[in-house]
Each structure stands twice: as C-alpha cells, then as structure tokens.
Amino acid sequence: MSFNRHNSFTNKTNKRKHSIKRAFVLVLLLGMVTGVVPAVSGCVDSGSDRALAADGSEGEDAAGSGSVGQLEFNSFSELEGREFAAYQGSITESLIPQYINGAKPVIFKTSADCLAALKSGKVDSIFSSKPLAVIWANTNDDVGYIEEYVVPDNLGFAYQKGSKLKAEFDKVIVRYREEGVFKELEDIWLGADESKKVIDKTGLTGENGTIRLWAASTSPGMSYTDDNGELAGYEIDLAYRIARELGYKIEETAVEFDALLASLSSGKCDMIAGSLTKTEERSKLVDFSETTYQGGLVAVVRTEGAGKGDVGFFASVANSFKNTFIYEDRWKLILGGLGVTVLVSIASAVFGLILGFLMCMGRRSRLKVLSTIIAVLVRIIQGTPTIVLLMILYYIVFASSNISGVIIAIIGFSMNFAAYTSEMMRSGIEAVDSGQQEAALALGLTPVQSFFMVVFPQAAIHFIPVLKGEFISMVKMTSVVGYIAVEDLTKISDIIRSRTMEAFFPLISTAVIYFILANLLILIISFFEKRIDIKRRPRRVKL
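Mapping the sequence shown onto numbering that gives the first Met the number 0, position 278 (from 1) lands on 277, and the numbers just tick up by one.
Where hints are given, some of them may not hold.
Unchecked claim - Pairwise CB distance ranges, derived in the manner of DEER restraints: (1) 465 with 161: 47 to 57 Å; (2) 81 with 195: 34 to 44 Å; (3) 318 with 93: 36 to 46 Å.
To be verified - Result set (PhoX-like, lysine-lysine): computed pairs, CA atoms no more than 25 Å apart in a straight line: (4) 196 with 321; (5) 331 with 475; (6) 170 with 121; (7) 196 with 331; (8) 248 with 195; (9) 331 with 195; (10) 321 with 118; (11) 283 with 160; (12) 182 with 200; (13) 331 with 321; (14) 200 with 163; (15) 182 with 196; (16) 163 with 248; (17) 283 with 170; (18) 103 with 121; (19) 108 with 118; (20) 121 with 108; (21) 248 with 170; (22) 160 with 248; (23) 467 with 367; (24) 170 with 160; (25) 475 with 108; (26) 248 with 196; (27) 118 with 103; (28) 108 with 195; (29) 163 with 283; (30) 200 with 248; (31) 200 with 331; (32) 170 with 182; (33) 195 with 182.
It should be emphasised that the hints constitute simulated quantities derived from the structure, not laboratory data.
Note that beta-carbon positions come from the ideal geometry of N, C-alpha and C, so glycine has one too.
Just need the whole structure built from these sequences, with the hints factored in.
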C-alpha cells in the first residue's frame, strides 16, 4: 500500500464527492463563526447532549490536584443561577444549563479569554475537560476545579469516513491502553514539569505513506503550538508514536479549533486532533478512533482570596513582558508572525492595485458586456465579508489543491482590495476635467500617452488619500487569516496567550505592533503621495 504525499487516503470516489461536501463545509464554517453551529472546540465540547460511551477501560484521572487553596465554590449546587464562561460555538452553552439549574453562559473566543474572565470576576466558573482544568490549576494558584464530573467526556482522533487509518490506529491505541502508555503520556503532558514535554519526531520511515495531521493550536496539554512553532501535546505525542510504529510519516498543520472538522470534511487532511469529544452527531460525518483520553467536564472556579496577593503593577508588567517575549525566545514567533502579516499586506496591495487598475479600465470600457460583468463582480466582492471570501477560496475553490494558506490569503485580499481601489481610481479619473486630455491630444500626444502622462497623475492626487485609508484597513483586516491556517501576528498572539494563560498583555502588545506597523506604512505611502502631487513638492528657486 503506497500513498502520495498530498493525496494519501483520498481515493477517486471521495474526490467526486468533494463538490457536494464543499457546500456543506462552507455552511458549517459560517455556522461555527457565528456561533449557530457547535464548534469543533478543544477541551469544552461534550457533544450532542451526551458523549458516547467509552470503548475501552476506565481512564485514570489526570495528574495534579484540584487546587492549591480552598475553592470559592465546592459543589455544582452552589453554581446554580450563576454565569459561566464558554468557548465561542461550544455546546457547553446549551449543555451545562441542563445539568446545573439556572446556569447562564457568557461566550468567549479562546481558553485564555475564559480564564481571564474567571480570574477577574466576570464569571464564576468555566466548564472544561479535565486535561485543561489540570493545566490551569498547575499554572495558576488562584484557580482550581471541582473534582466531580458534570458530564462524561471521551476524546479521540477523527478520520475521513471509511479511512483505513481507523482500524490501524485502533489496534495500537487498545494495546497502548493495556500497556499503560496513556498514563505515561498523562504524567508528561498534564504535569507541571516542562522539561519532560518533548516529542520524539524522528524515526518515521514513511514506507506506508504520509499522514496529513491537522491539530488544534491552542489546546493546552492536549494539542498546542510550542515555543518552537511546532505541534506538541498528549495527542500529538500519541499520534507520532503510533505513526512511527506503523511506518508512516506525519505532515502536521496547526489550525484553529473551528477549522478542524471542516478541514477533514473538505479532504485537506487525513486525520485531526485537538481534544475532540466523540459524539453521535459527529460520528455521522467522520470516523472516530478508540478513546484516547477518558474523563469528563469539570467546573473550574476561583480559589478563596484569589487576587489578594497580586504583585505590584510594574512587576506584573515586567513578568508579562518576559513571558510574552523573552521566555524561550517567543519574540522569534512574534517576528515570524509579523513577517507573514507584512508579506500578505504588501503582496495583496501590489496585486490588488494591478488588478484594480485593470478592473477600472474594464468599467470605463465602451464594451457594455465587459463593463457590466466587472460591475457585478465588484458588487459581489464588496458585499462579501472578507473572512467568508477567504473560507470560500480555502475550503471550496482550492480545497483539493495544496496551495498554502498564505498564497490563498494574498489572492483573497488582492481581490477584495482590487474591488475597492478600482472604484477609487474610476472616481479619481472622472474627477479630472476632460479638457486636460483634449489639450494633451492637441499637443500631439497619443491617447495612451495623454492618459498616463496627464490624466492618471492628476487622478492619483484625488484617490491616493482614500487609497491610503483603505490600505491600512486591509492591513488590520489580515488578522483574520488565522481561520485558514496562516500563522500571522494575531494567530501567534493567540498561541502565546494559550501558553502563558494571559489574556491582556499579548493582546495589548499585538495592538501596539499593529499601530507601529500601520503608521510606518502610512509614512511610506505619504512619501510617494508627495512625490506625485506637484503642489506639495518642495520648490527650489534657481538664482
């Protein structure tokens, strides 16, 4: 059995089904973004009301204790009628009130946001899977968790329907459970000793092919991006051990929780991981492995006196700066993310301007059909949210290709930028008096020469100030490219927040970096703007 690197485990029949699947994938993605459809969320989802029964022996509790100090709430009855934090799109929003009377969900995007809300007193609890609760309790003295499970929770890998990987992996998973490998993984990845958290990614021969593994990048303990920019965690370690034993290579990609199920359904990967709860509803779409971690949802709460022993403001800022930038050279991750943001922004601006000019000329064409088609395209692009456009390109148009997310991001933002700049250019050209071109023609210039030498430079004076604002808006809008597996500045910030458990400092740092970047780009554009506008050029008098 041999597999192609980028098309392993995807047969011809599956490819014929992709056109049907892609429509479903887009609807699924839009539902997850808006919160209508439960996201494939790490560490919080408990499935369609109840998780499936475990297919193996009873798993042992994760390493670590419920808390360092006395919990503020010690039973579920004390949480009745109180607010709890839930991830965006997580089914805990509707599930928890079924078990705790009057519980009121407050929705946040990431685990770091939920933890920050709990520590600041905005909510009274978070309901998460045991692994994440253990990590939080081990790294934060002011939070702990109630040991009792609210709902059973069984985690596992997921594959495309009918994949041969399921049977192969299941045999090894069952044996690992009997041999105590899961307990070893729990001690490593759910404990407090960071020195143990290293994955051996060598020795993968690949004689049986390559597995395209997509995993959540911000699920502490189970599946996350480490400080070297590589996937790590309990499930990633397990996947590499099994792949090595079965003779596979692994091609890993870190993505947002919400993108996992859609990526698998669209055929972009062969296998996904990231604290995926096994449910009956999801089993209709994908094949789940044997249970890789068995536990349940627990209530994470504050400890009594939380926050009373806080250090001073400046000491806190210094510590946050160290954790965000200095510790394990995380500044390199931020620099890499900044490079991706700049690349996408500059490349999109260049190609967008070229495409926008061509669209502008098409709108001004005497060919009514061409002008109408371009006008319709402009309206469609302008009326489509950028994030939706990116997901259509990534999960539908280029679903079966291996084009990187960065290239697709550049294509999407170029199209969006072109739609707006074309209208700006057209308005600027129409603002130039027609007599200017007539005078140029009278002086002997050709129509092309008169346009580029006389009309367009004057039009640029009108549209460049507006273009400058549109460009800066596009730079800030690139922060959504994390939805298509691109690790830009904002995505790196989310990864660091999930590692440091700090919600505010990484966000503030990201905002400052965007502010500096935007103003530098404004200065560059303003320089060229002055060079074009004759009235603003410095005048020299020759004596």
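Hint-by-hint comparison with the structure:
1. For the pair residue 465 and residue 161, the supplied restraint of 47 to 57 Å holds, since their beta-carbon distance comes to about 53 Å.
2. Under the hint 34 to 44 Å, the C-beta atoms of residue 81 and residue 195, about 37 Å apart, fit the expected range.
3. Separated by about 38 Å at the C-beta atoms, residue 318 and residue 93 satisfy the suggested range of 36 to 46 Å.
4. Proposed proximity of residue 196 and residue 321 is supported: the alpha carbons are some 21 Å apart, at most 25 Å.
5. A threshold of 25 Å between alpha carbons decides the hint, and for residue 331 with residue 475 the separation of about 21 Å falls inside it, so the pair holds.
6. Restraint check for residue 170 and residue 121: not satisfied, since their Cα atoms lie roughly 45 Å apart, outside the 25 Å limit.
7. Note on residue 196 and residue 331: the hinted pairing holds, with a Cα-Cα distance of about 20 Å set against a maximum of 25 Å.
8. With a CA separation close to 23 Å, the supplied pair residue 248 and residue 195 stays within the 25 Å bound.
9. Straight-line distance between C-alpha atoms of residue 331 and residue 195 comes to about 23 Å, which keeps the hinted pair within the 25 Å bound.
10. The straight-line distance between the Cα atoms of residue 321 and residue 118 is roughly 21 Å, inside the 25 Å bound, and the hint therefore holds.
11. Taken as a hint, the residue 283 and residue 160 pair is honoured in the structure, with Cα atoms around 9 Å apart against an allowance of 25 Å.
12. The straight-line distance between the Cα atoms of residue 182 and residue 200 is roughly 20 Å, inside the 25 Å bound, and the hint therefore holds.
13. The straight-line distance between the Cα atoms of residue 331 and residue 321 is roughly 13 Å, inside the 25 Å bound, and the hint therefore holds.
14. Note on residue 200 and residue 163: the hinted pairing holds, with a Cα-Cα distance of about 23 Å set against a maximum of 25 Å.
15. Using a Cα cut-off of 25 Å, the hinted pair residue 182 and residue 196 holds, with the two alpha carbons roughly 14 Å apart.
16. Of the supplied pair hints, the one linking residue 163 and residue 248 holds, its CA atoms being roughly 15 Å apart against a limit of 25 Å.
17. A hinted pair counts as satisfied when its Cα atoms are at most 25 Å apart, and residue 283 with residue 170 qualifies at roughly 22 Å.
18. Our distance criterion of 25 Å between C-alpha atoms is met by residue 103 and residue 121, whose separation comes to about 12 Å.
19. Annotation: proposed proximity of residue 108 to residue 118 holds, straight-line Cα distance about 16 Å (limit 25 Å).
20. Of the supplied pair hints, the one linking residue 121 and residue 108 holds, its CA atoms being roughly 15 Å apart against a limit of 25 Å.
21. For the proposed pair residue 248 and residue 170, the alpha carbon gap of about 18 Å is at most 25 Å, so the pair holds.
22. About 21 Å separates the Cα atoms of residue 160 and residue 248, which keeps this hinted pair within 25 Å; it holds.
23. Our distance criterion of 25 Å between C-alpha atoms is broken by residue 467 and residue 367, whose separation comes to about 31 Å.
24. Simply put, residue 170 and residue 160 have alpha-carbon atoms about 18 Å apart, close enough for the 25 Å limit, and the pair holds.
25. Proximity of residue 475 to residue 108 is assessed by CA-CA distance (about 19 Å); at most 25 Å being required, the pair is judged to hold.
26. Simply put, residue 248 and residue 196 have alpha-carbon atoms about 21 Å apart, close enough for the 25 Å limit, and the pair holds.
27. Note on residue 118 and residue 103: the hinted pairing holds, with a Cα-Cα distance of about 17 Å set against a maximum of 25 Å.
28. Restraint check for residue 108 and residue 195: the C-alpha separation of about 30 Å exceeds 25 Å, so the hint is violated.
29. Between residue 163 and residue 283, the direct Cα distance comes to roughly 17 Å. Compliance with the 25 Å bound is thereby established for this hinted pair.
30. In summary, the hint linking residue 200 to residue 248 is supported, as the alpha carbons are separated by about 9 Å, within the 25 Å threshold.
31. About 22 Å separates the Cα atoms of residue 200 and residue 331, which keeps this hinted pair within 25 Å; it holds.
32. Straight-line distance between C-alpha atoms of residue 170 and residue 182 comes to about 18 Å, which keeps the hinted pair within the 25 Å bound.
33. With a C-alpha separation of about 14 Å, the suggested pair residue 195 and residue 182 falls inside the 25 Å cut-off, and the hint holds.
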